[in-house]
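Enquirer: Now for the letters of each chain:
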Amino acid sequence: MTITIALPSKGRMKDDASAIFERAGMKIVAVGNDRSYRGRVEGADDVEIAFLSASEISRELGNGSIDFGVTGEDLVREGLANADARVEFCARLGFGHADVVVAVPEVWYDVDTMADLGDVAADFRARHGRRLAIATKYWRLTQNHFSGSHGIQLYRIVESLGATEGAPASGSADIIVDITSTGSTLKANHLKILTDGVILRSEACLVRARKAAHDGDPVVARIIAAVRGVV
Amino acid sequence: MALINLPVFADELLADFESLGTLRVDTPVIQPAEPFLAMAGEDLRRRIFMTESETGESLCLRPEFTIPVCLRHIEAVTGTPKRYAYLGEVFRQRREGGNEFYQAGIEDLGDTDTAAADARAVSDAMRIVANRLPGRHLSVTLGDQAVFEAVVGACGLPAGWQKRLIHAFGDQKHLQKLLTELAHPRTVGVFGPEVVRLSMDGLLEDEDRLVAHVAATMEATGYSTNASRSPEDIARRLKEKMELANTRLDRRTLDHVAAFLALDVPLADAPAALFAFAQKSGLKIDDALTRFDARVSALSKTGAEIGAIRYRSAFGRPLDYYTGLVFEVELAGSHAVLAGGGRFDRLLTLLGAREHIPAVGFSLWLDRIEKAIASEGGAQ
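The listed protein sequences derive, respectively, from chains H and X. When the first sequence is numbered by my numbering, its final residue is 879 and no position is left out of the sequence of numbers. When the second sequence is numbered by my numbering, its final residue is 915 and no position is left out of the sequence of numbers.
A short list of chain H residues far from chain X (calculated; beta carbon distances all over 10 Å):
| no. | residue |
| --- | --- |
| 1 | M649 |
| 2 | D693 |
| 3 | R707 |
| 4 | S808 |
| 5 | E813 |
| 6 | D863 |
With a straight-line Cα cutoff of 16 Å, these simulated EDC-like cross-link-like pairs (lysine to aspartate or glutamate) come out:
| no. | chain 1 | residue 1 | chain 2 | residue 2 |
| --- | --- | --- | --- | --- |
| 7 | H | K835 | X | E729 |
| 8 | H | K835 | H | E754 |
| 9 | H | K785 | H | D747 |
| 10 | X | K698 | H | D771 |
In short, the hints are calculated from the structure, not lab data. Note that the coordinates shown come from a computational prediction; the quantities given were computed from them, not determined experimentally. C-beta atoms are modelled at their ideal positions from N, C-alpha and C, and glycine is treated no differently.
Chain X extracted, bound-state conformation (with noise of 0.2 Å):
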């Protein structure tokens, strides 16, 4: 056995890309953090190395590829379609296992078929999976953001809230909360002396008077020359915090909420699941289900194992550029995540495209997919 620390089986998954009709690309190992942090969030500081360069920029070692290859993309100006396949090291602090390993995996840029892009991402990771795998069982768990967006819009809340839920679509603890305290509003919403004042003065209702007052402190405060926020954010959004202090989500539409967010099916199943439910609550979700059945269809066409895809209504990413396919393939029995991948299309104008670009894609755990390839060993 040569002494390296490449996967194995590198060679027949770079043929396997190949095949796939997929562009190589690399990215270099020392990037900018600055996009990982504002993409993924502060907590994404703890699990990555960063350093400093010599005039102050801060860079770390590449902790994933998507963003990277998504840069180079816009870089590029190639145009899209692309299609995007990756092998290659990150590093990340984990608490299990080695701080630097190898991931692979597929960016599907600009493919306005969405629903065949999502299915083409679903069916070539679980082949890819499959193929290191003979004869194993895979189980895929598959999610949708706009279904859930689709669900909370027709229920009728307020933007404020339906963009609250929705944000925090993939937590479990945070959206139960959420649901919770709508259900039962504990307080009409906290609200400082100064807005009681205000309230007082009248100014409440009239948009423009409070816009000037708040432009006035501002002035009188000495902070309005950096100030972020405008009189304008801060008066439209008193209003909107208005509105979610006086909203209470009633005993059926939050019922209707719970039983959709516990819906976990046969992929198969799915289409006429989220039809009797449309059906049930009276929810029209029309158009997110004519997508999610499109793409169940351009999935059964790519010969994928159907049967091994389930959908689960609340499987989302709480990440604000995921925005509607999420799936997670692991070795049917364990929990180990072999692959994962999901549809991204806010993220390349987040990252400074010019255009929309929709954009779907995959990674491959490698030191996973070895050590289940090694678990075969041991079982036989």
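Chain H extracted, bound-state conformation (with noise of 0.2 Å):
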């Protein structure tokens, strides 16, 4: 059978991504033109990649279409619902960092952690005619760290998908859900991360979707091995 690898399209995503494999034995080889996108694998017929954009490839993995894909721990987790059910972390790839983070006003002194939130989203209705609004583009880590790991069920999600760091600046939203890699643009915003506010340290991931075809298959093992040698 042959097994498809989903490879981010573009950037530096796509170059560290490629390094990686040939570092492991696979040097990547686009069919046709350079832009195209679809490749192989130098000396293995039985493995094709397919360039797709990094959100694109958490969906195609949730859905099977593909069995195995490189792209952000953070787009797998928040693409799929029981995410480590339905797909295998093989690798840690050591590039892509990023940190999805509960960031707050810095101004905000009496908040520092999950638990100071709580008790101002609990009041805030009371005070201010709303629930406490958040800006995210993450709904499901969003809804996952409130609710499933601290309790806090009283707030709203404001859909923001681009310059979320300036929705409280704004009024859009009163805090939000972002990635940050260095904690910069948070700074310039006047944002502060909570101290039990990161909830996930994300990075590129080796990501396997789980089918029953692949117990057994030599194919799969050597691509998973081969990855993790050289990372």
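Using the hints, put the two chains back together into the complex; each one sits in its own frame.
Expert: Encoded structure:
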């Protein structure tokens, strides 16, 4: 059976992923020209490469139309319910680092933990006539962290697809859940991360869709072993 | 058998509602999503079917009836008291059972005799379920948020801790975690470096200066124009947080709370058990107990089978609009909730009613009742 591996289709992620596979003895060449969205592994006819956008990769892993994908853990955990039952994180690849964090305005001197935030959220409606609003594109991760881990129910998510850090200052939300790698954008927007506000320390991972057909497949085992051997 | 999905006993159910003197209401299936999310929290979003209007307004398929019935009541301004009954389809994403199913129930709005209204809700729910399942034994669990609030209030904890505990009531795991924290404070609270600086500058003892400092910082960072929390809010909560950090629940009080939360007795014995608890602990919870007793005696006057009801002190719902009674009706020996209800005195004002409207109600899970009827047929 042919194994399909999806890799990010552009940018740093594409280069870093290709470099890892090359080190693992699986040099990837594009089929046709350089801009092609299909590729193959030199000397391995049973492996196919598909170049997709990072968020598409997590979706395709979820519905099992690809076997492996290289994408950020944050996108997989946000995109798929019960991620661990549906996919396996085979290897952490050491690039694409980003933390998904809960950040509040620096001037909220009384809020440094999720427990503090829970207190503020519980009172919010009585004081301000509406629920505490969180700007984020990470609905699922936010819900799991707030309701699942910290018993906080009383908040509203305001969808934000860009420039999330600006939401508290512009008044479209009170706090944010977003990714950060250095924290400098948060700082520039006068936001601080709660001490227990790191929801996920994400990086690029080699992820396998859990399929029964993979059991005992030597190609699957070989790919995992090769990538693990170089990270 | 007719090929419709309405429960076979729908007519009898409606006849019951009528004999109980209720007013039948219907509400649109397509509802604005906002009130449901605002009341029940973001967790609901995963469990309802949402869509958008052409103008971008969030809409959903009716996931339950209480909020639409209350909204309708507020809009109609027909005055209180009113007892509404409903029967219709609701839509939820469920792991078990279909995504669309029928629900019926009664919402009793505006009756100021809360003991009598509570008793009527419990006895009506029991009667209606019993009518569908003649000869079967029901078991009812009853809880009371107000008694827990009184116990926490009487323990002499700072307001911040009381709020935390009351907020967690009904969420066993979370409540336990908070109580453990109270008994063994791990840290004295986490305060950021800025707060340490404020403390060295002596700003924490002087609320006016603290407020001025927060306001100046907001101004300087361009945050002030849209700030939801005012400098006063932040200064007040900072003070509250310092209190929280310095509180430790002594062993004795913690034992009292634990003893209270372990109460699980037949309702008929509950007044005596609560009285004994109050005596032994020395906690002043007389007012809450008086109201509890009034409900029990009102309930015995309704002719409901009191022997089928147990009082479980820790039973509650962690939603901020429930204020007192909560209850669930099951078939004895099973764990499928056939009817559930409670008092939600805070809901109507949250939804925009101008005056305070006490409210109590319950809903019936008709698909589970149908299943219970079928299981009886199978057993015979």
